[in-house]
Amino acid sequence: KAGVTQTPRYLIKTRGQQVTLSCSPISGHRSVSWYQQTPGQGLQFLFEYFSETQRNKGNFPGRFSGRQFSNSRSEMNVSTLELGDSALYLCASSRSASGASRETQYFGPGTRLLVL
Amino acid sequence: QQQVKQSPQSLIVQKGGISIINCAYENTAFDYFPWYQQFPGKGPALLIAIRPDVSEKKEGRFTISFNKSAKQFSLHIMDSQPGDSATYFCAAIFTGGGNKLTFGTGTQLKVEL
Numbered sequence: 001k002a003g004v005t006q007t008p009r010y011l012i013k014t015r016g017q018q019v020t021l022s023c024s025p026i027s028g029h030r031s032v033s034w035y036q037q038t039p040g041q042g043l044q045f046l047f048e049y050f051s052e053t054q055r056n057k058g059n060f061p062g063r064f065s066g067r068q069f070s071n072s073r074s075e076m077n078v079s080t081l082e083l084g085d086s087a088l089y090l091c092a093s094s095r096s097a098s099g100a101s102r103e104t105q106y107f108g109p110g111t112r113l114l115v116l
Numbered sequence: 117q118q119q120v121k122q123s124p125q126s127l128i129v130q131k132g133g134i135s136i137i138n139c140a141y142e143n144t145a146f147d148y149f150p151w152y153q154q155f156p157g158k159g160p161a162l163l164i165a166i167r168p169d170v171s172e173k174k175e176g177r178f179t180i181s182f183n184k185s186a187k188q189f190s191l192h193i194m195d196s197q198p199g200d201s202a203t204y205f206c207a208a209i210f211t212g213g214g215n216k217l218t219f220g221t222g223t224q225l226k227v228e229l
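From first to last, the protein sequence lines stand for chains A and B. Using the numbering used here, the first residue of the first sequence is number 1, and each one after it goes up by one. Using the numbering used here, the first residue of the second sequence is number 117, and each one after it goes up by one.
These are calculated hints, taken from the structure and not from any lab test. Possibly wrong hints are sitting among the right ones.
As the list claims (entries may be wrong) - Heads up, simulated DSS-like pairs for lysine-lysine below, C-alpha to C-alpha not over 27 Å straight-line: (1) Lys174/B - Lys121/B; (2) Lys184/B - Lys158/B; (3) Lys174/B - Lys131/B; (4) Lys226/B - Lys173/B; (5) Lys184/B - Lys121/B; (6) Lys13/A - Lys57/A; (7) Lys174/B - Lys57/A; (8) Lys57/A - Lys158/B; (9) Lys158/B - Lys174/B; (10) Lys187/B - Lys57/A; (11) Lys158/B - Lys13/A.
Kindly produce the complete structure, drawing on both the sequences and the hints.
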């Protein structure tokens with residue numbers, strides 16, 4: 001069974017540009033969550049999608065957005081990049097949308113974004 | 117606001133020793149507490165998890181101890197091995213919060229020979 005895949009794995013952008021990251025969940029998983037990981041702030045929740053609907057959103061500015069497609073694949077977009085957006089962006093998938101079901105969330109390897 | 121506090125930031129343990137990582141939470145709505153292990157270049161992977169109605173859960177060499185009244189929980193790694201060297205994150209989630217995990221700041225564990 002293939003795991004969560006994220007593309008690209010590495011990305012270098014300059015300030016002011018925008019970037020789109022992609023996540024393909026495990027087959028059969030309908031929930032996709034995104035996290036930002038930095039040395040200073042650790043792992044922070046960005047948003048969660050289930051059945052093409054955003055179910056949850058973290059405390060990030062509107063420059064961070066996402067969407068989910070009918071095949072459960074998800075993309076996140078960061079517009080007007082800032083130096084502080086340099087981070088590892090992780091996506092996690094699970095079968096259901098409810099934390100109460102205690103479904104395990106499986107993380108991908110992440111996309112490392114460097115903003116110059 | 118750091119809702120889940122984790123300590124220590126780093127830990128060096130001798131092979132065969134016990135590694136102990138502590139976490140404390142503030143939000144009493146949290147009702148599920150997983151621990152994740154992350155190796156360099158990889159995403160976090162679920163290690164073990166506990167509900168607050170259980171005081172201890174053991175899986176192999178890994179044990180979670182949970183103190184609901186103190187709002188604290190800890191991970192014990194028995195007989196620590198060099199292959200356990202990784203970053204460990206405690207996390208918390210609550211019913212109704214979807215799949216949003218609130219993570220601790222992480223502990224970098226190094227197990228020396």
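These are the hints, each one checked on the structure:
1. Lys174/B - Lys121/B: Holds, at roughly 22 Å.
2. Lys184/B - Lys158/B: violated (32 Å)
3. Lys174/B - Lys131/B: It holds: about 20 Å lies between the C-alpha atoms, which stays within 27 Å.
4. Lys226/B - Lys173/B: holds (23 Å)
5. Lys184/B - Lys121/B: holds (15 Å)
6. Lys13/A - Lys57/A: holds (25 Å)
7. Lys174/B - Lys57/A: violated (33 Å)
8. Lys57/A - Lys158/B: Measuring from Cα to Cα gives roughly 24 Å; hence the hint holds.
9. Lys158/B - Lys174/B: holds (25 Å)
10. Lys187/B - Lys57/A: Satisfied, since the Cα-Cα distance of roughly 25 Å is no more than 27 Å.
11. Lys158/B - Lys13/A: holds (22 Å)
Hints 2 and 7 from the earlier list are contradicted by this structure; the remaining hints agree with it.
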